[in-house]
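For the record, the sequence lines run as chains W and V.
Residue numbering for the first sequence follows the numbering used here, beginning at 1 and increasing consecutively.
Residue numbering for the second sequence follows the numbering used here, beginning at 223 and increasing consecutively.
Honestly, I wouldn't trust all of these hints.
To be verified - Computed footprint of chain W on chain V, listed as stretches where at least three residues anywhere in the stretch have a Cβ under 8 Å from a Cβ of chain W:
| no. | region |
| --- | --- |
| 1 | 234-242 |
| 2 | 262-273 |
| 3 | 299-306 |
| 4 | 320-329 |
| 5 | 336-345 |
What the hints assert, rightly or not - From the derived model, a few chain W residues whose C-beta atoms are all more than 12 Å from chain V:
| no. | residue |
| --- | --- |
| 6 | R14 |
| 7 | L84 |
| 8 | A179 |
To be clear, the hints were calculated from the coordinates, so they are not data collected in a lab.
Quick reminder that beta carbons are idealized off the backbone N, C-alpha and C, glycines included.
Protein chains: 2
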Amino acid sequence: MGAVKTKRMPRAVREQQMLDAAVRTFGQRGYTAASMDEIAELAGVSKPLVYLYLNSKEDLFTACIRREATALVAAVRAGVGTDLPADRQLWDGLRAFFAHTAQHPDAWSVLHLQARTHGEVFAAEVTAMRDEIVTFVTQLIAAAAREAHRNPALPEREVAGLAEALVGAAESLADWANATEGVTARQAATTLMNFAWSGLGDLMAGRPWSPPEEEPLTRPAD
Amino acid sequence: MGAVKTKRMPRAVREQQMLDAAVRTFGQRGYTAASMDEIAELAGVSKPLVYLYLNSKEDLFTACIRREATALVAAVRAGVGTDLPADRQLWDGLRAFFAHTAQHPDAWSVLHLQARTHGEVFAAEVTAMRDEIVTFVTQLIAAAAREAHRNPALPEREVAGLAEALVGAAESLADWANATEGVTARQAATTLMNFAWSGLGDLMAGRPWSPPEEEPLTRPAD
């Protein structure tokens, strides 16, 4: 809250700049090929300062994973209004997810590709985030099932399996959307919503899920 | 075709035994922790013979990935009868996939966890297999769309996205099924078929997809 003297940049701000540069470098060049020289240069600081603040390439990469995992989970949670119908909550969550991964392709590459490809320690960091998202989606599906209050209700195990399927589908589709020229976040979200909500059977029968009419068109700036 | 003298085991047979031992060890202990001593012992051969035949731990792991990727793709293809309706083809393919991953959990761990966690070279091996499965599923969905011959047809890009979503969902669910006590291959396949064919909307409305009546109960032996 207090005014900060601007002679020197506060450490917290410098660290974020280093992480910005690191996410971009790791995401675009891969963990192995990325050099600390490159990251320091992109951040506009000396390499010793990067080591002073973030300790090692491993620790820097871990800090990137944690920051980007937190940001992704926060974006999805923020996108979902809890007082809406189940399909609308799901649609909002998917839109938030694909908007975030489209706007931050390097962060998504760090989380879904780099972190899982370079050893068990990094992979475990991402697993923790994934578990949080699966739990969130499980609650969403369980709430939708309660809302529909069908009898018999969907068994708990079935709900858990459906959440795993949905998260796996979203991850796969985010990779594909980021690698495929011209696929927007909204299109990826629509494809998955059609798949997840209406199923292939309804799609084949010409009954896709329809997004709400009042939908504002928010697209990634890329 | 000719009769083989059994004084010595043919090299091809020995190699398969080494690969059996390696897949089990890599799958259960992880690539890093697995030792060549352990693999040789489990295969009932000397460690120098493993190196003579398979060259290095890296080459042995690559050979495991290739063999298991080929086996998984073959199992899925063999499970699908091409003259059946689309939903039946999809169900048969999913059942074959989950039966294979349930019956060969170590192979699935090598393919979906170990190979992707230990460097870009191994990850690329698995990507080739995954691409083949995505292509197969894309053809399946495209055929189903033609069969339904709705107008307008599903655009090619939409079909590609749906295939990515389905494959990602299947991978995620196979991990979950193998890690969750008491989930059978048939249950996993049913969960995904409900999700993929009927969608959450129909499930919530109490309209799940129903497996064909004449279904024989083939379950993994675990």
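To see whether the hints hold, each was checked on the structure:
1. Remark: the region 234-242 of chain V is not confirmed as covered by chain W, as 0 of its residues place a Cβ nearer than 8 Å to a Cβ of that chain, below the required three.
2. For a cut-off of 8 Å, the count of residues in the region 262-273 of chain V with a CB near a CB of chain W stands at 0, and the three-residue condition is violated.
3. Requiring three or more residues with a Cβ within less than 8 Å of a Cβ of chain W, the coverage given for the region 299-306 of chain V is violated, as only 0 such residues are present.
4. Coverage of the region 320-329 of chain V by chain W is violated. Counting CB-CB distances below 8 Å, 0 residues qualify, and the rule asks for three or more.
5. Check on the region 336-345 of chain V: 6 of its residues sit with their Cβ under 8 Å from a Cβ of chain W, so the three-residue criterion for coverage holds.
6. Against the 12 Å criterion, R14 (chain W) stays outside the reach of chain V, whose nearest CB is about 31 Å from its own CB.
7. The Cβ of L84 (chain W) sits about 15 Å from the closest Cβ of chain V, beyond the 12 Å cut-off, so the non-interface label holds.
8. Taking the minimum C-beta to C-beta distance to chain V, about 10 Å, the non-interface status of A179 (chain W) is violated against the 12 Å cut.
In summary, the numbered hints that this structure violates are 1, 2, 3, 4, 8.
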